[in-house]
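These protein sequence lines map, in sequence, to chains A and B.
Quick note on our numbering: the first sequence kicks off at 5 and runs consecutively.
Quick note on our numbering: the second sequence kicks off at 5 and runs consecutively.
By construction, these hints were calculated from the structure, which means they are not laboratory data.
All residues carry an ideal CB built from backbone N, CA and C; glycine is no exception.
Incorrect hints may have been included.
[As the list claims (entries may be wrong)] Covered stretches of chain B (in silico footprint by chain A; criterion: 3 or more residues with CB under 8 Å from a CB of chain A, positions within the stretch not fixed):
#: 1; region: 46-60
#: 2; region: 87-97
#: 3; region: 148-161
#: 4; region: 202-208
Number of protein chains: 2
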Amino acid sequence: MSKIRRSLFEFSRTAQPRFPQGKGRSVIERNIPDVTISRLPAYLRVLHELQSEGESIVSSSKMGSLTGFSSEQIRKDLAYFGAFGTRGLGYNAEVLEDRIRGILGLDRPVHLALVGCGNIGQAVVRYSRAQHRHLDIRYLFDVDPALVGTEIAGLEIRHADELERVLGGEGIRLAVLAVPAEAARDTSVRLVRAGVRAILNFAPVHLDVPEHVVVRTVDLTSELESLAYYARENDAGPDGG
Amino acid sequence: MSKIRRSLFEFSRTAQPRFPQGKGRSVIERNIPDVTISRLPAYLRVLHELQSEGESIVSSSKMGSLTGFSSEQIRKDLAYFGAFGTRGLGYNAEVLEDRIRGILGLDRPVHLALVGCGNIGQAVVRYSRAQHRHLDIRYLFDVDPALVGTEIAGLEIRHADELERVLGGEGIRLAVLAVPAEAARDTSVRLVRAGVRAILNFAPVHLDVPEHVVVRTVDLTSELESLAYYARENDAGPDGG
DNA sequence: CACTGTGAATAAATTCACAGCC
DNA sequence: GGCTGTGAATTTATTCACAGTG
Chain A
5 MSKIRRSLFE FSRTAQPRFP QGKGRSVIER NIPDVTISRL PAYLRVLHEL
55 QSEGESIVSS SKMGSLTGFS SEQIRKDLAY FGAFGTRGLG YNAEVLEDRI
105 RGILGLDRPV HLALVGCGNI GQAVVRYSRA QHRHLDIRYL FDVDPALVGT
155 EIAGLEIRHA DELERVLGGE GIRLAVLAVP AEAARDTSVR LVRAGVRAIL
205 NFAPVHLDVP EHVVVRTVDL TSELESLAYY ARENDAGPDG G
Chain B
5 MSKIRRSLFE FSRTAQPRFP QGKGRSVIER NIPDVTISRL PAYLRVLHEL
55 QSEGESIVSS SKMGSLTGFS SEQIRKDLAY FGAFGTRGLG YNAEVLEDRI
105 RGILGLDRPV HLALVGCGNI GQAVVRYSRA QHRHLDIRYL FDVDPALVGT
155 EIAGLEIRHA DELERVLGGE GIRLAVLAVP AEAARDTSVR LVRAGVRAIL
205 NFAPVHLDVP EHVVVRTVDL TSELESLAYY ARENDAGPDG G
């Protein structure tokens, strides 16, 4: 009974070059593992969900069943930032949500830029505009003359030449990179020069950025290709094993 | 000197519920770690790249510098599937590429379905149509009457009611789920009933699927939120530490 | 001599198990 | 009794280091 790990068969995230923990990084991330940070948004999401259903106290196992993570893992993750639960009871959802927002820096508006307004770029803009509050795409860039000057979701597309000038002045530190593969490396260099510290990269390219910059690459083709492995026709089917 | 881990500061992928290795899974994935599988597409990509530059023999360190993974890791990953390099020389790029394609099941056409033709769904269709050869989106579904019957990239959108009927008949095993969060869980159940074995999920929801199904969730909001942490204004800047 | 393949060592992440508390 | 917080145990993943080989 206790051995059964249940059907949460979610796929441990796409491997990316691991980062050198604690090497010249600032005080805020101390020794917080990156995996912990990557789980916080999911906690945020379920806390929000539960609150809107009127739950003001939540347990780690409740959060676990909604996120698919184990309750111990959630408790351990949260404990990195201090003890904000109550033994015997659980966590105050509102307090915990605020706390996590603060940790992620989402307690104040975060402005971001997006470079590359093709298929994926446009989708991200529209999607984000619909979703976020504190994460706010503020600047769009492209090099295509057919796009420059037009708008997506009410936001004007500027020419990528202006990138350094605009971003530097605005103190933008987070950017989405959705340019074609060939342009990705150069563009990332420019983003870094413009002061960007974190990049969500959709180009199927490894970006070799300086140490103080964090890149997260989401490559749709790679995701599908690795899923193809698990979708292979190969065995007995649902009852298999 | 040897301690310097260089600037490849890529962010270890978003955490997802880990899957129960070797529990009732089929023979093909044996004990191959999931992280290994998730790196294979990157190897595929650089092998392709290098070949088109005329390189027919590649070393693990060459591949390492292009992917950001260490050469040992690459060698170890490849060794799970047998020894197809030549000591002292390297790997034959073409052979290795074919081999990896075979492992992933990309040596024959893989047909897939996409459900949810909103922003992200449309972007994925257009993006994929431009990119893949063996990964081929064949069926699109939505429930929006305004979309059903129209086309994206030359592919007709069907009503989601037809999902089970169409997919079951066609033996589709891989699907992209790009429906709104509220609909994601139900839709995933239907996909699984229709025989789908692997799902690329863009909805910000944890899907609780049976054990023989693999889900990979890509949540753009979560990605940005966790990157916000690293983009935080907090320390000395580029020279920090 | 450069490069693979791989056990052994290490590091990192997860799970166990239980004390402490409501 | 239910739940948190956390060291200890375990499992998983990565890196080291080197023997083997064309």
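Can you list which hints this structure breaks, lowest number first? 2, 3
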